[in-house]
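S.K.: For reference, the chains in residue letters:
2 protein chains.
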Amino acid sequence: MAHTQEPSGPSLSSLLRVAPGERPSLAWRDPGGLPAGPRDKAAGTAATAALADRLASLQERLYAQATAGDRRRLLLVLQGMDTSGKGGTVKHVSGMFDPSGCRVKAFKAPTPEELAHPFLWRVARALPLPGEIGLFDRSHYEDVLIARVRGLVPRKVVARRYDRINRFEQALVDDGVTVVKVFLHISWEEQRARLLRRLDDPTKRWKFDPRDLDERALWPAYQEAYERALHRCSTEAAPWFVVPADRKWYRDWAVSTLLAEHLEAIGPRYPAADFDVDECRARLISR
Amino acid sequence: MAHTQEPSGPSLSSLLRVAPGERPSLAWRDPGGLPAGPRDKAAGTAATAALADRLASLQERLYAQATAGDRRRLLLVLQGMDTSGKGGTVKHVSGMFDPSGCRVKAFKAPTPEELAHPFLWRVARALPLPGEIGLFDRSHYEDVLIARVRGLVPRKVVARRYDRINRFEQALVDDGVTVVKVFLHISWEEQRARLLRRLDDPTKRWKFDPRDLDERALWPAYQEAYERALHRCSTEAAPWFVVPADRKWYRDWAVSTLLAEHLEAIGPRYPAADFDVDECRARLISR
Numbered sequence: 686m687a688h689t690q691e692p693s694g695p696s697l698s699s700l701l702r703v704a705p706g707e708r709p710s711l712a713w714r715d716p717g718g719l720p721a722g723p724r725d726k727a728a729g730t731a732a733t734a735a736l737a738d739r740l741a742s743l744q745e746r747l748y749a750q751a752t753a754g755d756r757r758r759l760l761l762v763l764q765g766m767d768t769s770g771k772g773g774t775v776k777h778v779s780g781m782f783d784p785s786g787c788r789v790k791a792f793k794a795p796t797p798e799e800l801a802h803p804f805l806w807r808v809a810r811a812l813p814l815p816g817e818i819g820l821f822d823r824s825h826y827e828d829v830l831i832a833r834v835r836g837l838v839p840r841k842v843v844a845r846r847y848d849r850i851n852r853f854e855q856a857l858v859d860d861g862v863t864v865v866k867v868f869l870h871i872s873w874e875e876q877r878a879r880l881l882r883r884l885d886d887p888t889k890r891w892k893f894d895p896r897d898l899d900e901r902a903l904w905p906a907y908q909e910a911y912e913r914a915l916h917r918c919s920t921e922a923a924p925w926f927v928v929p930a931d932r933k934w935y936r937d938w939a940v941s942t943l944l945a946e947h948l949e950a951i952g953p954r955y956p957a958a959d960f961d962v963d964e965c966r967a968r969l970i971s972r
Numbered sequence: 686m687a688h689t690q691e692p693s694g695p696s697l698s699s700l701l702r703v704a705p706g707e708r709p710s711l712a713w714r715d716p717g718g719l720p721a722g723p724r725d726k727a728a729g730t731a732a733t734a735a736l737a738d739r740l741a742s743l744q745e746r747l748y749a750q751a752t753a754g755d756r757r758r759l760l761l762v763l764q765g766m767d768t769s770g771k772g773g774t775v776k777h778v779s780g781m782f783d784p785s786g787c788r789v790k791a792f793k794a795p796t797p798e799e800l801a802h803p804f805l806w807r808v809a810r811a812l813p814l815p816g817e818i819g820l821f822d823r824s825h826y827e828d829v830l831i832a833r834v835r836g837l838v839p840r841k842v843v844a845r846r847y848d849r850i851n852r853f854e855q856a857l858v859d860d861g862v863t864v865v866k867v868f869l870h871i872s873w874e875e876q877r878a879r880l881l882r883r884l885d886d887p888t889k890r891w892k893f894d895p896r897d898l899d900e901r902a903l904w905p906a907y908q909e910a911y912e913r914a915l916h917r918c919s920t921e922a923a924p925w926f927v928v929p930a931d932r933k934w935y936r937d938w939a940v941s942t943l944l945a946e947h948l949e950a951i952g953p954r955y956p957a958a959d960f961d962v963d964e965c966r967a968r969l970i971s972r
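Chains as they are written, first to last, in the working numbering: chain A, 686 to 972; chain B, 686 to 972.
For identical chains, the list gives no copy identity; a pair is met inside one copy or between any two copies.
With a straight-line Cα cutoff of 27 Å, these simulated DSS-like cross-link-like pairs (lysine-lysine) come out:
#1 K776 to K790
#2 K841 to K793
#3 K933 to K793
#4 K933 to K726
Derived from the structure by calculation, the hints contain no laboratory data.
Whenever a hint applies, use it, and build me the whole structure from the sequences.
M.R.: Written out as structure tokens, the structure reads:
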């Protein structure tokens with residue numbers, strides 16, 4: 686796969702992956718790092734643009750083969766602190782794909798109806814269908830992140846959820862879903878800079894919520910909750926990837942590359958016609 | 686509004702609108718025509734590109750003002766014969782917007798569950814929320830188009846649906862929805878050319894369904910059903926627009942322009958902060 690500037694090197698997926706069983710240290714992974722690929726913004730933007738056609742073609746083939754009964758599909762799960770770029774990543778990624786083959790879902794605070802169901806209920810309802818690419822801005826991981834940090838449910842309940850998540854994701858994989866889980870890793874300083882930009886620009890102020898500052902005050906607890914979730918739920922079937930996200934151009938390149946590698950691994954193909962092409966052509970031309 | 690190349694001319698909306706009460710003749714409206722705006726592909730592509738930033742900004746403001754309680758939103762309904770470019774238009778339009786503020790829905794043949802409900806049920810479930818832009822690829826109009834042409838329900842039942850649709854759309858408008866209904870008008874010859882292209886290109890063949898030829902054989906009945914729907918359901922509250930769609934570049938320019946005109950009429954604005962900006966800034970900088 687020629688997915689980086691060093692075609693013979695290891696895949697980006699293998700570099701960014703949290704190995705099953707690993708206890709990842711987020712403090713040790715640099716949110717501003719460039720672990721592989723382009724070294725500056727100009728090269729990064731160009732490399733990402735160069736991926737767009739390939740990704741569009743892979744998506745079209747994935748969608749096309751589903752029309753012939755193939756069940757495979759892809760789910761991109763995006764998690765990260767406020768301002769880490771989940772929405773921006775969804776925008777970038779979905780801009781490369783045909784929207785009719787994308788299923789985008791942003792998970793907000795659960796509604797009373799959602800709270801009345803098991804925590805995976807609302808997630809199951811938003812999954813991509815065969816041939817589609819699902820894009821989750823937040824996910825069932827909120828139920829072991831904010832739920833843990835804020836004590837929204839007892840610790841014991843949270844503790845049971847990791848295994849339930851792993852079984853849920855294993856079932857998805859068994860059903861033909863390629864699950865790509867990405868933690869957008871930003872630094873404490875970069876979050877401050879981004880929040881200040883929202884405050885200082887009147888056209889961005891509506892994105893700011895003073896409660897974001899309360900969440901920010903719990904930064905260390907969130908980092909610990911993320912480390913725990915990544916440790917418990919990075920599995921062979923559905924591993925986690927940590928993407929350095931302080932630089933938006935690098936984040937977009939890295940997520941695009943992860944998607945390209947996973948779609949290449951599926952290797953989708955246009956299906957053969959299951960009808961008589963010549964007969965249809967004759968019918969069309971006849972009048 | 687400077688939405689065409691002749692800023693002082695009438696709006697495109699007024700030119701393409703089916704006047705309430707009018708019995709439109711589709712044979713009389715040229716699918717290859719250029720009723721206003723750019724005269725060739727190069728100019729059209731440039732004019733459409735020039736609209737993209739304005740549309741993105743309008744959408745962001747629409748979304749932003751909804752966070753402060755404004756209920757307004759927009760619904761684009763796309764109808765047209767097979768290959769008329771409904772999917773292509775959704776792709777073009779949604780490519781200009783932030784996907785988190787778009788709600789895209791392609792209506793297929795109704796499921797058994799959908800058939801067990803009133804015909805507007807599945808439509809009501811797919812409507813945009815305040816601040817969102819809804820994009821419908823097909824809609825409740827299928828229930829007076831294919832339903833009529835194919836005799837899926839008795840004529841008498843179809844006849845009652847026009848008024849139900851008008852009342853439904855009036856209620857949407859009363860609730861703050863700007864409804865923009867677009868008929869993508871292509872010619873019999875252009876449909877043949879597009880179907881042939883699908884047949885002749887192995888990477889497009891999966892989009893072809895031999896049953897499309899059966900639908901094509903009913904072309905006159907469909908044109909008549911469209912004329913009837915446009916006549917009965919082009920209202921002051923929610924008029925229909927006929928967009929010449931034989932040229933994709935013109936179609937994209939026309940739909941973009943219709944959207945821009947309708948969004949300008951809403952005139953969305955960034956809301957003022959409902960919190961103490963200085964206090965938040967001080968809190969952010971303090972540590």
